[in-house]
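Novice: Residue numbers (my numbering), protein chains in the order written: chain X, 1 to 400; chain V, 1001 to 1265.
Hints were generated in silico from the structure; no laboratory data involved.
C-beta atoms are modelled at their ideal positions from N, C-alpha and C, and glycine is treated no differently.
Check the hints yourself; a few may be wrong.
[Said to hold, decoys possible] Residues on chain X that point at chain V, a partial pick, calculated with CB under 10 Å:
1) ASN182
2) ILE282
3) LYS286
4) GLU293
5) GLN296
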Amino acid sequence: MNFSVDERGYYGEYGGAYIPEILFNNIEELQKNYLNIMEDKCFQKEFESLLRHYVGRPTPLYLAKNLSSEFKTTIYLKREDLNHTGAHKINNAIGQILLAKQLGKKRIIAETGAGQHGVATATVCALMNLECIVYMGQADIERQAPNVARMKLLGAKVRPVNSGSKTLKDATNEAIRDWINNAGDTHYIIGSVVGPHPYPDMVARFQSVISKEMKDQLLNQTGSELPTHVIACVGGGSNAAGAFFHFSENKTVKLIGVEASGKGIDSGHTAATLVAGRPGVIHGSKTYLMQNEDGQITEPYSLSAGLDYPGIGPLHAYLFDKGRATYLHVTDAEALDAAFNLSRTEGIIPALESAHAVAALQKLKFEKSDVVVINLSGRGDKDLDTYINYLNEKADGKQD
Amino acid sequence: MENRIDKLFAAKKRNILSVFVTGGFPKPESTLPIIEELDRAGVDMIEIGIPFSDPIADGPVIQNSNEVALENGTSLKKLFGELKMLRSLTEMPVLMMGYLNSVLQFGLENFYKTCYNTGIDGLILPDLPLDEYFSDHKALAEKYNIHLVFMISPSTSPERIRLIDQHSRGFIYLVSSNATTGNDNGVKNELDQKVKELNSMNLNNPIIMGFGIKGSKDFGRACSLVNGAIIGSAFISQLTESATIEGVVSDFIRSITTPKNIFQL
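Next up, chain V with everything else stripped away, as it sits in the complex (with noise of 0.2 Å):
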C-alpha cells in the first residue's frame, strides 16, 4: 500500500502546508475535530503530538500544550481511541510526533500496530539515536509501513546529512534554527546558504522546515527555500487564546497562505 505522505510529495512538489498540533489540546476530543477543520482549510500535511510531562526539545508554548492535555486526562492510548474515526474523515497524510519514552511504555510492536490500524502514516521521533532505529524500530516500521522522519539542523554536517537522508522516509525534516520550538529566530539569512548546501546533494528526500515559522513571511521564505513548513507553536498559540476552534483554524491558515505569495508557483 502506498504510504499518503509519498502520494502527497509525489503531486505536490512545492508549498507544503504542514501543521502541528498537540493531541488533547486545548480540550479532551478536540483533536479530531481540529484535524477536519485543517483539511477543510486546505493544509497539507498534519502532525499530531503525544503529549509528554518533560518535552526538552521544546519552548514555553508546547510546553504549555502539553501540560494542558495531561491535565485533560490524555495519555497516548486515549489519543489512539480518539483517533479510531480518523480515516472515515480524511485522507491527508498525518504523523505522530513525540518522545521516544511514550512509544516505549507503550510496547513498540504494540505502538506500530496501532499506528498502522489508526491510519497513521508517518512518526518523528527527535530523541530517537539512529543506531537504536536500525536495531529497534526499522522491521516494525517497514512492517506496518510507518514513515520515520528524521531530523537535521543548520549545524549537520554533509556526512550526516547523507547518512539521514539515507535513511529518513517521505521527507527531512529541517530545524530552522539551534534553537527550541516556537523560537523568534525566523527563516535566518544563514540559511540560504545551508539549503544551497542541501540542493547541491541531490538528497532522496524532499525537505520540510519546522521550529519557529510563525507567520505568511516565514512561510514563504521557508517555501522559497525549501518544499514546505510546518507551523506548531504560532497555531498552538492562536488555539490558546480562543475560546473555540470553529473559524479559528480556518482563519489561521488563511492568514499563512494568503498574503501573495511571491513564490507561488
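Just chain X, with the same shape it has in the complex (with noise of 0.2 Å):
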C-alpha cells in the first residue's frame, strides 16, 4: 500500500487542493516543484547535513528497559523529544525553508497550536535570515506564554488572532488569508500533513526521516528492521506520518495512531476527529473534520494545545477507512498519567502529546515476542505548569 498522494493530489477520496483560485499561481508552483527539488541531490545533501548537524539527528532509538519489564514486552522510544527545539516539527520547517528558498520567496508565514511548530519556524527563519510571521490563537498565546517568548527571542513576529474560538483553527485561516494578500513573495510553512496539496505529501515525506532511521537502528539493535507495533499521537498527524511512512509495504507492522479524546469521547469535549467528526472539506483538504449537522466546524477540546485540531490529515482519514492503521484514542486523564509514569519509570519527561501514545500502551495487549515502536514526538518542557497542578491535584486527592 502506497502512503504518497496519487497524480491529482489524493489519498483515495481525501485530500486534494480546495483553495480559492487567489492561490491558485502559488499551490501550482509548489505542486510541480515539490518532488523535483526535494530529490535534487544538493537539496538532500544541504537537508540531511542540517538534520544530522543542526537538529542532532539521528535521534536515539532507546530501548525503554522498566517500561518494557512494566508491559512484559520490549518497548523502543523514538527519540523525537531530543531534536534541537524540542520536536519533531523541526525536520519539516528545515525541509520547508530549503524549499522556500529555492523558490526564491522572501516571507515566511505559520501557523501555530502549542507553539512547537511556531518555534520550529522562527528557529529556521533566523537562521536562513528570512523575515517570519507566526499566527497564533489568542487563546494559546496565553496558554503557551513560554514559546511566544522563544518566537520573539528568534526574531519572529507574534500575530494574535482574536478570531473564532481563538485557537489553531483560527490561525490556519488567518495564515491562509495571509497568503492570499501576500501570494508573490511569500511561502506558507504548514506544520502539519494538513492542508491542499502538496502539503500533506510533503509534510510526510520531510517526516518520514523518522521512520527511515528508525529501521536502520532497529537493524542494528534487534537484527530486523521491523517491529510488530508503532505507536504515534495525532492532532494533524505529522509526527505519525513520519512514523509510519516507510512501513508502508511491511503489512505485518501494526500502525497505531493515538487521538485525543480530552473528557471523554461522548463528553462533548474531545478532538477525536475520525469517532467525533466525519468527511468534509477543511484548510483545503478533503478528510475527517468536527463539524455539527450545518458542516460548520466545530471546537475540539484536548488538553494539549498541540492535539486540538478539528481535522486529521488525509492520509490518516485514508489509512483509518482501508483498516492500515488502528486508530485509538485517549483522555486527558490517561494522558497524564502517562507522562507521569514515564517520568518516573525512565527519566523522560514527554511533551502532553507524545504521552498520548505512551498511554496506548494500555489499551493494547502485548505478547513478549513484540517490538513496539512508540515515536515521542516531543519533550514536556513546556508543559511543566499543567503537569506541576496534576502533581498538585494529585497529592490533594490523597489527602483527602
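Using the supplied hints, reconstruct the complex from the two chains, each of which is provided in its own coordinate frame.
Specialist: Below, the structure is given as C-alpha cells:
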C-alpha cells in the first residue's frame, strides 16, 4: 500500500486542493516543483547536513527497559524529543525553508497551536535570515507563554488571532488569509500533514526521516528492521505520518495512531476527529473533520494544545478507512498518568501530546516477543505548569 | 427555462450592480426584506452568502457577519426556509455564495434541487476545484439550471482564463486584487492591463469585478473596465452600523450609483 498521493493529490478520496483561485498559482508552483526540489541531490545534501549537524539527528532509538518490563514486552522510544527545539516539527521546518529558498520566497508565514511549530519555523527563519510571521490564537498565546517568548527572541513576529475560538483552527485560517494577501513573495510553512495538496505529501516526506532511521536502528539493535507495532499520537498527524511512512509496504507492522479524546469521547469535549467527525473540507483538504449537522466546524478540546485540531491529515483518513492503521483515543487524564509514569520509570518527561502515544500501551495487548516502537514526538518542558498542577491535584487527592 | 442571470446580461451590458449580503445577517429573517429593499433600490443582481464558521477567503467584515449570522442560529436549512417566498417578491437574479463544506454536508443533489425550488439562479463556491466540478457538480447544476460562476484573479494565466471561461456559466467573477474580501486596494491601475488582456481574448462570458469595491469611485472605475461590479463588505459594514434596514439600503445604493458616473451609457 502506497502512502503517497496519486497524481491528482489524493489518498483515495481524501486530500486534494480546495483553495480560492487567488492561491492557484502558489499551490500550482508547489505542486509542480516540490518533488523535483526534494529529489535534487544538492537539496538532499543540504537537508541531511542540517538534520545531522543542526537538529542533532539521527535521534536515538532507546530501549526503555523499565517500561518494557512493566508491559512484559520490548518497547523502544524514538527520541524525537531530543531534536533541536524539542520536537519533530523542526524536520519539516528545515525542509520547507530550504524549499522556500529554492522558490525565491522572501517572507515566511506559519500557524501554531502549542507553539512547537512556531518555534521551529522561527528557528529556521533566523538561521536563513528570512522574515517570519507566526499566527497564533490569543487563547494559545496565553496557554503557551514560554514558546511565545522563544519565537520573539528568535526574531519572529507573533500575530495574535482573535477570530473564532482563538486557537489553532483560527490561526490556520488567518495564515491562509495572509497568504491570499501576499501570494507573490510569501511561502506558508504548514506545520502538519494537512492543508491543500502538496502539503500533506510534502510534510509526510520531510517527516519520513523518522521511520527511515527507525528501520536502520532496529536492524542494528534487534537484527530485524521491522517492529510489530509503531505507535504515535495524532492531531493533524505529522509525527505519525513520519513514523508510519517507510512501513507502508510492511503489512505485518501494526500502525497505531492515538487521538486525544479530551474529557472523554462522549463528553462533547474531545479532539478525536476520526470518532467524532465525518468527511468534509477543512483548510483546503478533504478529510474527516469535527462539524455540526450544518457543516460548521466545531471546536475540538484536548488539554494538549498540539492535538486540539478539528481535522486530521487526509493520509490518516485514508489509512483509517482502509484499515491499514488503527486509531485509538486517550483522555487527558490517561495522558497525564502516562506522562507521570514515563517521567518516574524512565526519567523522560514527554510532551503532553507524546504522552497520549505512551498511554495507548494500556489499551493494547502485547506478546512477550513483540517489538513496540513509540514515537516520542516532543519533550515536556512546555507542559511543566500542566504537570505541576496534576501533581498538586494528585497530592490533594491523597489527603482527602 | 431561461436562467435569470442570462436574461439580465442579455438586456444590460454595462454598469451592472450586484450586491452581496450574508444570509441571516444582521438579524434572523432579515435576508428577504433586504433583498426586497435592494430590488426597489434598483440593484441588478444579488448574492446571498451561506454563513460558514471558517471563511478563509474573507476579510474581517464578512467574517464578522458570518459569526453574527451563526449566532443568530442561521443554518443553510433555515436560510432556504426563509427564502421560500423569494420568487413571489422579485425576478432579480439571485446567486448563493459560500464554501464547499456547507454544500457537501447539505447533500449535493439535495442542495441543487433546493436551489432550484427556491428560485436560485447561480452559485459561487470559491474553494470548489474545477475537476471536482466536472466529476460531481456539473450534471446536477445543468439538471437544476443553476449557473456555476468561477473566479479569476489578476494573476490567473491566459490558458486558465480560457479554461474557466469555457466552464463558467452566467459570468466570470474577476477578483480585483490578490487579497481577501473587503480589502483597501480599490481598483488598482494594474487592472487596466489585465482587462485589456481579457478583452482581447473575446471571452464567452461577461465579467463582473468584486473584492474591495467600496464606493461610487470604485464602482465607476470597475464599470469602466468590465460589465459591472459586486459590493459586499462595504454594504455589510453599512448594515452593521445601522439599527434598522429601512432607508439604509436605498441610501447606500444611491451613494454607489448617483455621483455623476461619467461612464454611464
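Novice: If a hint holds in the structure, say so; if it does not, say that too.
Specialist: Going through the hints against the structure:
no., hint, result
1, ASN182, "holds (8 Å)"
2, ILE282, "holds (7 Å)"
3, LYS286, "holds (9 Å)"
4, GLU293, "holds (7 Å)"
5, GLN296, "holds (4 Å)"
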